[in-house]
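The lines below spell out each chain.
There are 2 protein chains.
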Amino acid sequence: FAPHCVFLSQIINNYLERTQGEAVDKASSSVMHFRDSKRKVDYVLAYHYRNRLARHLPGAGSPKPTRGSASLALVSNGGERPGSPGPEVIELCPLDALEEEKRLQREEYERNLVEAGLEIEKDPENKSQGLSFVRIHAPWQVLSREAEILKIKMPTKKVYEITEEGGILKKLNEIWCKLTKPLQPQVPQQENTNMKSLSYPFSREKIYLFNIKDKDTFFDNATRSRILLYQEWARYGVFYKFQPIDLIRKYFGEKIGLYFAWLGLYTEFLIPSSVVGITVFLYGCITIESDIPSKEMCDQRNAFTMCPLCDKFCDYWNLSSACATARASHLFDNPATVFFSIFMAVWATMFLEQWKRLQMRLSYSWDLAGLEEEEEHPRPEYEMKLLQKKLKHKNITDEEKLTWSDRMPGYATNFGLILFMIMLTFSAVFGVIVYRITTAAALSFSTKETTRSNARVTVTATAVIINLVVILILDEIYEAVAKWLTEIEVPKTEKTFEERLILKAFLLKFVNSYAPIFYVAFFKGRFVGRPGHYVYVFDGYRMEECAPGGCLMELCIQLSIIMLGKQLIQNNLFEIGIPKLKKLFRKLKDERTETKETDTNQSKDPQQWDLDYSLEPFTGLTPEYMEMIIQFGFVTLFVASFPLAPLFALLNNIIEVRLDAKKFVAELRRPDTVRAKDIGIWYNILSGIGKFSVIINAFVIAVTSDFIPRLMYQYAYSQNGTMHGFINHTLSYFNVSHLKAGTQPENSPFAHDVLFCRFKDYREPPWSQNQYEFSKQYWAVLSARLAFVILFQNLVMFLSVLVDWMIPDIPKDISEQIKREKVMLVDFFLKEEHEKRKLIESFIARDQQKHKIGTKGDRIRAASFSQVNRSPRGSFTSFSSQHTEV
Amino acid sequence: FAPHCVFLSQIINNYLERTQGEAVDKASSSVMHFRDSKRKVDYVLAYHYRNRLARHLPGAGSPKPTRGSASLALVSNGGERPGSPGPEVIELCPLDALEEEKRLQREEYERNLVEAGLEIEKDPENKSQGLSFVRIHAPWQVLSREAEILKIKMPTKKVYEITEEGGILKKLNEIWCKLTKPLQPQVPQQENTNMKSLSYPFSREKIYLFNIKDKDTFFDNATRSRILLYQEWARYGVFYKFQPIDLIRKYFGEKIGLYFAWLGLYTEFLIPSSVVGITVFLYGCITIESDIPSKEMCDQRNAFTMCPLCDKFCDYWNLSSACATARASHLFDNPATVFFSIFMAVWATMFLEQWKRLQMRLSYSWDLAGLEEEEEHPRPEYEMKLLQKKLKHKNITDEEKLTWSDRMPGYATNFGLILFMIMLTFSAVFGVIVYRITTAAALSFSTKETTRSNARVTVTATAVIINLVVILILDEIYEAVAKWLTEIEVPKTEKTFEERLILKAFLLKFVNSYAPIFYVAFFKGRFVGRPGHYVYVFDGYRMEECAPGGCLMELCIQLSIIMLGKQLIQNNLFEIGIPKLKKLFRKLKDERTETKETDTNQSKDPQQWDLDYSLEPFTGLTPEYMEMIIQFGFVTLFVASFPLAPLFALLNNIIEVRLDAKKFVAELRRPDTVRAKDIGIWYNILSGIGKFSVIINAFVIAVTSDFIPRLMYQYAYSQNGTMHGFINHTLSYFNVSHLKAGTQPENSPFAHDVLFCRFKDYREPPWSQNQYEFSKQYWAVLSARLAFVILFQNLVMFLSVLVDWMIPDIPKDISEQIKREKVMLVDFFLKEEHEKRKLIESFIARDQQKHKIGTKGDRIRAASFSQVNRSPRGSFTSFSSQHTEV
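One line per chain: the protein sequences are C and V, in this order. Be aware that the first sequence starts at 1, since it is given in UniProt numbering, and climbs by one per residue. Be aware that the second sequence starts at 1, since it is given in UniProt numbering, and climbs by one per residue.
Be aware that one or more of the hints could be misleading.
[Said to hold, decoys possible] Derived pair list, reagent style PhoX-like, types lysine-lysine, alpha-carbon separation capped at 20 Å:
id	chain 1	residue 1	chain 2	residue 2
1	C	K483	C	K495
2	V	K356	V	K812
3	V	K295	V	K812
4	V	K312	V	K385
5	C	K495	C	K385
6	V	K495	V	K483
7	C	K812	V	K492
8	C	K495	V	K812
9	C	K385	C	K492
10	C	K740	C	K312
11	C	K776	V	K776
12	C	K812	V	K356
13	C	K492	V	K812
14	V	K385	V	K295
15	V	K312	V	K812
Please keep in mind that the hints were generated in silico from the structure rather than gathered at the bench.
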């Protein structure tokens, strides 16, 4: 080990560098063995050494501790950390000394590994600086011991059939599989060796094949290696479970597996909802001709003279000019929509229930059923903070954790900044509103006829695009802010860190994505005031109104543009483009650095780990989940106004699944496997969105759409029980002479003919006693709207509870299988025990024959036996080995 | 075994008789040993033999199979039933043959027990007929083997401290304990020997003492024996966990323990809610003088002439005569009530959360954490039905379960009968309404002045009492019906049987208890019509109105009478009285039978099991839970109208806890212990009630109380922002001349002076265009009411979710303790393993020295070792025993 200078930008990383393990690969091909070609390479640690001028390599620049390897050291030492992060590290010492210390720490770490029973192999040191790999092999004893400690389930010799889930879901699965088959592209067979090794974690779990059909592409690539390796597979499958993975790090395979399983189920569930959504849309298309209100609206004979839409420059206008929007809005605003929202609320509950079942099924087949939460080690940042605190107060180290007062500033910053960010979002939304109002006003001044007629379209389109851009920019900012805020909070463990980060990021992104939509759905056009008494912002600009077709149409446009734009630009463009760019960039950098410094020896013999190292590091599943959850929100929250949302989501996801898969396989380094029993906090967020969507949909139908006023008219006010006259009923009268001075239309050709103009509201007519007050109809309709909300919400909640209750969380076949397994285990054990007892009896007989005096000794042995019997069952291994040796 | 004739009334019992085990007792006193005074009696089976003329003994007449003992046979045979219920049993054979068969079956059963490794002892057969006991002792091997199979946690030698929960709850506990101490009666030291033995299951779990303070009375009785036995206790506590209880039957201790823990927590939680309830009530008392509406109502100067309350015979009346009720209703109908309902909804969530935590804590300290659901055996009734089906269809025994079509009739009957029962309840409620209407009418005909003036009081009081009686009677009927219906359904296992029974019984009892209350809260007085256009039932009887003080007052009266009456009569009177009566009856019967038939030898030497046998058999916890859950409903559902409900519940429960404890100790036989991880379906019912209560309370406040109209008046209609004029505002005008002919007051002294009478409703005045239609105010107030419901419901639901999310299900100290325990276990194991490895190495060294040629043999041994290593960990016991013998 020649002394090398290591440049480290952060002090804390100094201590952590030695634990920087890149989970590069594991395989059974001959390349992946120690030099004796026998011992398998189970884990590879990599570290850099550069001279003091070497730049920070991207991707390797901020080395994160591999939690697994840290915990290995901890476990092997029985809870004691290998060399605590002593305060001496805090001071910056000369680089050489630093480097020396690093080397010592690294050596200590390696010593600890060896002590724990692992075998390590280092690269021959034939170069002065650069990358160095330490390969680790875990021998049998270590594996079995740790497997025992971690209570990992292992297969018995008894084999039993796993009955696959029959019924509809499987059929659906098959159909789905067939349907998507032609859509599957043939991924070019690039980086084949890499593929081969990566297929392991997937092929290991047999059941996995049945669950994620979309990953077929994986196995196409891996086919060749699978046939190579078919004989070894079964043994390897068994062996794998004993790998030191369980000891060095938690499994990651399950976590990624769960994500793909979840994504698969979600995509599957989108199919029925898309179908129903299309049906609802088609129903709207078909019934458009028989819809009386839109027919009445388009009828030129009904000359409804509407009040001008802006002061001074706008003229009175005829309602029939809004005919097109009215017809279009019927496509989304029809009675079938109500049914669809109920359907979607139940759908969301069903999805969550089904996911619980699938999760149960997976955890059964992946043997995660008994997986207990492992004690997590505090994050280094947390320990650092604790250390700083101790140093500051010079107290005896009595306080072992950060108190409330230590955390207060962090929490306060968090609260303040999150509030500020939400305010920022709101002001962005408000800014866009102001833009819309002013631009619309400016355009209406325009002398050009074409500009004025297209004003609304221009304004709406540009405003939505501005909204979208703001959302995209703020999304990126919020991600960084959320991360920074969570770091300020100094959560104790990696798990809490992740959870809090997710919550914050979700909150910010949720508000960001939905604020403009909420505005359009519930606020736009509600604070307009009334003719003669308009509400003005910024002195002279009237609050904006909804288009004559109703706010639902605008909501629909807003939703579709934001949803599609977000998906196309953010998810796909960013997701494909940016990693590619990053990779290119890194490659260039690496090449420049390495051609300068590395001797040719290295490049001649590119080991697997060298290849893998050039890939992009894995940054976690959070962005993937986040994207999907926000999409889930689009699908459920406003489904009443946009029945096609599930369809768009489905189309996106079909691409998304394969994009993600490709990314994981080809673009990223093999991520650390982390065992996970469930999808964690995402489930809570999903179920929260599901609950929230019920009330949102209730309000969209009741308040935004015309559903309730129509019903009310038909059953309470209509003369003959039909919808004829509905439009007239919803329009109030306004006496033109009551318009304030200066707001009258200036260049109106028929200003003299107009006595009354109409506006959409339920208000008392000018000839009533309480001129322009809300009429009785207004209150009656409002009551009906609110009653509908109550009814809808409670009905849907009841249905959800019912569905939740009817579908058991554990699939019946799985629970039966678990029971059967248990019975078989008992059988197996009883049989074995019976044989053993016979054996004992024969032993006793022989014993008594041999030493007839040994009665006293026997008793002592019996006593020790009963003592031993009380010890925890963990002692099993030791006893059995003793037995074989005696 | 002399042949005795056994009289059996039911064929099915014939087969089951042999499994009839009464869990009489277990103890460590010398009486409870086998005749060799060494082996402990762990379980006692009892069976009767009588001559053919002997009558059926009550209590023993319908012998039910003890599940535990049946499962013993099953487990010991590895899943095979000891002698299937052959079809030959179905035919009635001569009694002697029957008896012979019984004897054979009994002998087979006993043989199976012996085969399973148990040791049995029978009574010396010195009498020809009567009771016979079979005592069972489970030796060490059996215990340890089965403990291993059932994965029962056992204490290691490592001892660690359990840090008790500190903080507020403990303080509360202590205060609570002190508060109730003077209330604890000194239970007379009767049946001392019985007490002594019974206290075991309670003293076994140390933590139990900390949880159920109210059971201190137990230990008072058991003190003497405890000091006798103190030395043995610790050992016994350890030993107990290995008792064959785990094998013969599931634990019951936990189930009863959970019930008392739940009851204790519930009672504790009632304290704060009682306090807040009393505060709210006091607030009402204090503010009564400053309440403007009731003052206005009582003011004699405001002469509101109200429309007559009945046709013809009633006169116009002055509103100030209803002054007293108005004032009284203010006690319950004030703004604090709104706060109280929100508080109670959050309270319910808190309670459920806290219960989850306590449950977690208990399952940790009782070592139930890893308790997996055991496979349950089908109920005999289910197997019987299956057998019948097989015989009927003569099919090959391919179908192993009842299909949907087999169950259809059962389900249909269920559905039909439950519907019928609910209808019955409704008709009972309707009957009482009719009674009230007609009696009120009849009394108003009365010539006596006093009768007429007290009419309302008389009618209300008698009606409520009738309601109460109906509820009590129907409750008993419904219990029987629910049981019968569940039996018709033929559920597969005992657990599903219990769950379905509970659900049915709960549904029926819930409807029964609350139907009249729902009627008063939401329907009474809402279908009266209006003056001149009243709604009539049965031709001539007007629908009843609420008292002038509002329906809330009546709801309050109804609630308090039903709640108190139900608690006093049903829970306490029935619970104490009926068992006592039953016991007396049984004793008399028994004595009569036994003095005739039994020889004196028996009575001379009354064994423990003879004494215990005379106690009442245990019938399950269902009635206890049911009673409490219905009470929980009273406390949460209508708390907005009756803030004192928690107080009454608290008072009842303080008595209830000790009544139940006493019953379990002194009145009942020692119940079978059943292990239970949680309170099962009761939790779901509780949380269901909690959710339901939110919407109910929202409606009570919005619709039943005057809260919203007051707010509306104050902020929208009042001239000066005060409540002055509210009463006038709520009363509509009616033109007396519009009264239908024949309905005018007959003998009115001031009929000529009255032009307009007033009635409580928001309707257009007679001089309006739309005479007597609902006014704009009506719709506005309705909108406000509904908006309040939406707001209240969503706010409370949000708070509940927040509370649910904020309070982790697993208490922090427990989760930390679990983690610590795990770490210690790992440490312990590692240390042990290290030593063993050294031992092995020394063995190998010695081995090699001894036989230097044995290299080949070593390899074989190593192979067998690795094989052994793969076998399930269950083989532990056998290996260790082998080790001791070699």
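Among all the numbered hints in the text so far, which are the ones the structure does not match?
The structure conflicts with hints 3, 4, 12, 14, 15, although it agrees with all the remaining ones.
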